[in-house]
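Residue numbers (the numbering used here), protein chains in the order written: chain V, 3 to 409; chain D, 3 to 409; chain R, 42 to 175; chain G, 42 to 175.
Wrong hints could be hidden among the right ones.
Stated by the list, open to error - Partial selection, computed: residues in chain R whose CB lies under 10 angstroms from chain V:
1) Thr48
2) Gln50
3) Trp62
4) Tyr66
5) Glu67
6) Ile70
7) Lys74
8) Pro91
9) Cys93
10) Ser95
11) Arg96
12) Asp115
13) Ile117
14) Ile118
Stated by the list, open to error - BS3-like mimics (lysine-lysine), calculated; alpha carbons at most 30 angstroms apart, straight line:
15) G:Lys148 / D:Lys408
16) V:Lys372 / D:Lys18
17) V:Lys136 / D:Lys139
18) V:Lys50 / D:Lys408
19) G:Lys175 / V:Lys85
20) R:Lys65 / D:Lys85
21) D:Lys258 / V:Lys139
22) V:Lys408 / V:Lys316
Claimed, not checked - Beyond 10 angstroms from chain V on every Cβ pair, some chain D residues (computed):
23) Val144
24) Asn163
25) Glu231
26) Phe390
None of these hints come from the bench; they were simulated from the model. Note that CB positions come from ideal geometry on N, CA and C, so glycine has one too.
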Amino acid sequence: MIDNLNKIRNDFPILKTKVYDKPLVFLDSAASSQKPDCVINAVADFYKRHNANIHRGVYFLSQKATALYEETRVKVQQFINAKYSHEIIFTRGTTEGINLVASSFGDLLSDGDEVIISEMEHHANIVPWQLLQKRKKIVIKVIPITSDFQLDIAAYKKLINQRTKLVSVTHISNTLGTINPIQLIIDIAHANNIPVLIDAAQSIHHKAIDVQKLDVDFLVFSGHKMYAETGIGILYGKEDLLNKMPPYQGGGDMIKDVTFEQTTFAELPQKFEAGTTNYSGAISLKVAIEYIEKIGLDKIACYEGKLQDYAIAKLRKMPDIQLYTTSKFNKTSVISFNIKGIHHEDIGTMLDKMGIAVRTGGHCTYPLMKKLGVTGTVRASFVLYNTFAEIDFFVKSLQRVVNMLKN
Amino acid sequence: MIDNLNKIRNDFPILKTKVYDKPLVFLDSAASSQKPDCVINAVADFYKRHNANIHRGVYFLSQKATALYEETRVKVQQFINAKYSHEIIFTRGTTEGINLVASSFGDLLSDGDEVIISEMEHHANIVPWQLLQKRKKIVIKVIPITSDFQLDIAAYKKLINQRTKLVSVTHISNTLGTINPIQLIIDIAHANNIPVLIDAAQSIHHKAIDVQKLDVDFLVFSGHKMYAETGIGILYGKEDLLNKMPPYQGGGDMIKDVTFEQTTFAELPQKFEAGTTNYSGAISLKVAIEYIEKIGLDKIACYEGKLQDYAIAKLRKMPDIQLYTTSKFNKTSVISFNIKGIHHEDIGTMLDKMGIAVRTGGHCTYPLMKKLGVTGTVRASFVLYNTFAEIDFFVKSLQRVVNMLKN
Amino acid sequence: MKTIDQTQQEIVEEFSMFSDWMDKYEYIIDMGKNLEQLPDDFKKDEFLIPGCQSRVWLVPEFRDDKVFFKTDSDAIITKGIACLIVRIFNGRTKEEISKSKLFFIEKIGLVQNLSPTRANGLASMVDKIYRYVK
Amino acid sequence: MKTIDQTQQEIVEEFSMFSDWMDKYEYIIDMGKNLEQLPDDFKKDEFLIPGCQSRVWLVPEFRDDKVFFKTDSDAIITKGIACLIVRIFNGRTKEEISKSKLFFIEKIGLVQNLSPTRANGLASMVDKIYRYVK
Ligand SMILES: Cc1ncc(COP(=O)(O)O)c(C=O)c1O
Ligand SMILES: Cc1ncc(COP(=O)(O)O)c(C=O)c1O
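Looking at chain V on its own, in the form it has when it is part of the complex:
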């Protein structure tokens, strides 16, 4: 359990603000988390004391900034237990990570090759593959979900064939909270010599991930969902795969030599980091990881699990509620639901007026919405700084809102 919740809440200055004169109840961390003081201050401090463009200067500030940036790379390497720090590529976020792989790994694919994704993917893991289809005649196969909101593993096995060149699925669904059995998914793919990309956007700050133990080939996530600044993210890729892939963007830092006749590219990781990167964002990510480590991922997961169970138990009692969740063991603290006869947007709008931030709509998972037969859901998500009292207030307010809105 988390030892000192008050202290943690104090770390996040925004939690003390009010909206419409009401205390903020922030239940949308699955979209983007709030930031602790240590992260906010680290960035300000960096700009006040150490800022300079990295990698290119022989002078003190540039060297210092470079060292801080590269320390973050090593921190991320340790956090996910990658073999080499040059397997860690800085991106803008999960979306760019998948686009990079779709474009660059995609360059190695041939017409007729197949990529397997799933029905619960975020658009970030659908559209890049569709964009690749404009350049190559690849086939996208989709793992369906069961009525229990889990991936249908039997169906997955049947999708695999000789032409399958990549499996790309999410670790945790940002709409359902479902935790997918990624070790199983990877093992099945590897038995067929197929590499696997895992979208860890929703899991990286909830569950310990060991890329070597998983033997995962690509892993992507965003800093802004794990208490770091926005505009920074990570692509992990196995060295040999990244080495085979052509560069994604061209520019400064990613080259060895440039002539108009023949340009050669830098080694990993620079090869995939063209131009001035978001180095202050990267530095914030180091501090965010340290913050998570200080509390402990195990404790965080345990506490968030308690919040989830508590919220689900309360919500289940509400009349006319449709919860898109069943098995609590396979689930993290993201809860989607609808109230019969009431539009999700109306619920979100009214809860907002009570100071409660929930997300409504399709959550960038439109195909999943179609499968569920809805235009959207209300989604509440809980992380380490949320409280049982907030859940009480949320459920009570939801009841009030429903009373106002129902016919």
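Please build the complex by placing chains D, R and G with the ligands on the supplied structure of chain V, with the hints as guidance.
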């Protein structure tokens, strides 16, 4: 002239720091500028009071963050006088902007089509076109420079032909400081119905740019060189061109509808902004532009011009100096030079020990280095917070360093 | 019949009676609830307003030189707001509409408190009306 | 002849005489200046050390079971540092080199004050030496 230099220097906290116990003399703003307090504080304040993922929530914080983000778009629109705010696309920086155009506008090109760049381009305006060559057999033509370090306009005219589909050149050379006659370049291209991309990375904070008056088709620049945070930049594109171009990256926010069969894309500007963008970076850009406007671009340019003249006059007197600059009228405050018989890196290393930050090396313009017949140069660059006293100290220290290093 | 401006003024006064936001929304919700549903055959894409999270349909009809609107939405708050818009523009001539300026939205503070997303939807709706009468 | 460790210790002592960085660099520079130039035919890509901003060449030669190095650089500071490395490893056997550990760099504070870029170049150079004797 700048009215109150002391006040300006006070705005930049890093200028008060010391390196090796010596006052910092920062002469590398062409690589990345330092940040004023107002920018640093705006970002911290945003995370303390308004942070939430943009565009997707109906609740207060998300709406507020969205409004701030979109206000920045309008601010940028006004700053460069674009016709529509949806012609302003947020990117990571200049490099990503050019990569976006090379990839997406590049999709509209056919084998045999030609793109004209110049010999003084930054790698960011060379390598993306070379990467495009791996997908399409386009031809890259290069405008040579004169012995006076200017673009050879006569040669440029001769490069244009029926197959020319884009001219992409820098406004100001980051190595030479040369200000190119972009209005002339654009007019010549337009007379042949060829669109023009201008790399304004080095000019946007030095000279007022009116995209409608210039009638430029694409303009790219980076926030981090204009006093904003790193990780944010702008691509301006004319509406009709951007509308014709396919999306660059796929993911959340850039879609209208997603199904596995058929995905449709959002209107401008969302179409080119996939996934969670660097919205705090964007917000910092608004504050940075306001900071520039408060002082006034005219005054800034005038002051920086004086610094440049002063520095050039002093440097010219040094024995054995080779200055890569001649015409002072066509130049901004970026000065590249070498001292005969001494390696640029040695000069940079020793100046650093005296607290002076200059850049050494190829400045991401290796083809230009080859043209100049050197492996690199020492580059000093001056912006609004630099002083005449710093130039004095720089030249004196340079003299001392040269004495130590020369054989 | 009141002018467009008079109707707007009337709405502003109605809303000024409510001191807090909850009550204003309750009023909008009630309007939404009381509006009769649009028959399904009107719920076509051509009548859909782009740019809203919820779906809003707006069906114009010309009778004796005047424009009448039917509207519906799957969200009740959007429906209530659409109601207000329709109440202002219903039974007007093209000229009246094209000459009019909307001020009630700001005055009742709807835009300020409405999300940009919703404000966009509102703007689209008004936009569509002005384009109908062009 | 001194051992590798003794030579390192010697260098550490030499540097400890200088109280400020300027003097330390002056010393390195002087070493660089005094080193004789490498004939141009040795300045080939195969002898180039990767990862430095300036170019550094390192030419190994085996004589009587011992390794001797020639070095040069187009930058004088790099050359001075290369000098120190060569001074330590020159005339050693493969065994001596493979068993050795470099400590002088840290002790004279070179790495801490050298840029990561330059530290990388240094690391590459040492790396290359260890690989030569494998
Ligand atoms: C599962 C999942 N994948 C991808 C993304 C996209 O992340 P980002 O917008 O940070 O690129 C998100 C978050 O929005 C997500 O939840
Ligand atoms: C002229 C020019 N173009 C492009 C760039 C690349 O900018 P960025 O690294 O911010 O993408 C720079 C700066 O390094 C530049 O000076």
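So, going through the hints one by one against the coordinates:
A least Cβ separation of about 25 angstroms between Thr48 of chain R and chain V goes past the 10 angstroms threshold, and the interface hint is therefore violated. Because the smallest distance between the Cβ of Gln50 of chain R and any Cβ of chain V comes to about 26 angstroms, over 10 angstroms, the interface hint for this residue is violated. Satisfaction of the interface hint for Trp62 of chain R is found here, the shortest Cβ-Cβ separation to chain V being roughly 5 angstroms, below the 10 angstroms cut-off. Look at Tyr66 of chain R: its Cβ gets to within about 6 angstroms of chain V, closer than 10 angstroms, so that hint holds up.
About 6 angstroms separates the beta-carbon of Glu67 of chain R from the nearest beta-carbon of chain V, less than 10 angstroms, and the hint is met. For Ile70 of chain R, the shortest C-beta to C-beta distance to chain V is roughly 6 angstroms, which falls under 10 angstroms, so the interface hint holds. Contact between Lys74 of chain R and chain V, as hinted, is supported at the beta carbon level, the nearest pair being about 6 angstroms apart and thus within 10 angstroms. For the restraint placing Pro91 of chain R at the interface with chain V, the shortest Cβ-Cβ distance is roughly 15 angstroms, beyond the 10 angstroms limit, so the hint is violated.
With a least beta-carbon distance of about 9 angstroms to chain V, the hint placing Cys93 of chain R at the interface is held under the 10 angstroms criterion. At its closest, the beta carbon of Ser95 of chain R sits 5 angstroms from a beta carbon of chain V; the interface hint therefore holds under the 10 angstroms criterion. Interface restraint check for Arg96 of chain R: the shortest CB-CB distance to chain V comes to about 7 angstroms, inside 10 angstroms, so the restraint holds. Because the smallest distance between the Cβ of Asp115 of chain R and any Cβ of chain V comes to about 5 angstroms, under 10 angstroms, the interface hint for this residue holds.
Using the Cβ-Cβ criterion of 10 angstroms, the hint placing Ile117 of chain R at the interface with chain V is satisfied: the shortest such distance is roughly 5 angstroms. A least Cβ separation of about 5 angstroms between Ile118 of chain R and chain V falls short of the 10 angstroms threshold, and the interface hint therefore holds. Our distance criterion of 30 angstroms between C-alpha atoms is met by Lys148 of chain G and Lys408 of chain D, whose separation comes to about 28 angstroms. For the given pair, Lys372 of chain V sits about 58 angstroms from Lys18 of chain D by alpha-carbon distance, which is inconsistent with the 30 angstroms threshold.
Between the alpha carbons of Lys136 of chain V and Lys139 of chain D the distance comes to roughly 18 angstroms, so the proposed pair stays at or under 30 angstroms and holds. In summary, the hint linking Lys50 of chain V to Lys408 of chain D is not supported, as the alpha carbons are separated by about 36 angstroms, beyond the 30 angstroms threshold. This hinted pair checks out: Lys175 of chain G and Lys85 of chain V have alpha carbons roughly 24 angstroms apart, not beyond 30 angstroms. Distance hint between Lys65 of chain R and Lys85 of chain D is unfulfilled; the C-alpha atoms sit about 38 angstroms from each other, more than 30 angstroms.
With a C-alpha separation of about 23 angstroms, the suggested pair Lys258 of chain D and Lys139 of chain V falls inside the 30 angstroms cut-off, and the hint holds. At most 30 angstroms may separate the alpha-carbon atoms for a hinted pair to count; Lys408 of chain V and Lys316 of chain V meet this at roughly 20 angstroms. The Cβ of Val144 of chain D does not lie farther than 10 angstroms from every Cβ of chain V; its closest approach is about 6 angstroms, which violates its non-interface assignment. The non-interface label for Asn163 of chain D is consistent with chain V: the shortest C-beta to C-beta separation is roughly 18 angstroms, beyond 10 angstroms.
Non-interface call for Glu231 of chain D relative to chain V: violated, since the shortest CB-CB distance, roughly 6 angstroms, does not exceed 10 angstroms. Consistency note on Phe390 of chain D: stated as away from chain V, and its beta-carbon is indeed over 10 angstroms from all of that chain's, at 21 angstroms minimum.
Hint violations for this structure: numbers 1, 2, 8, 16, 18, 20, 23 and 25, all remaining hints satisfied.
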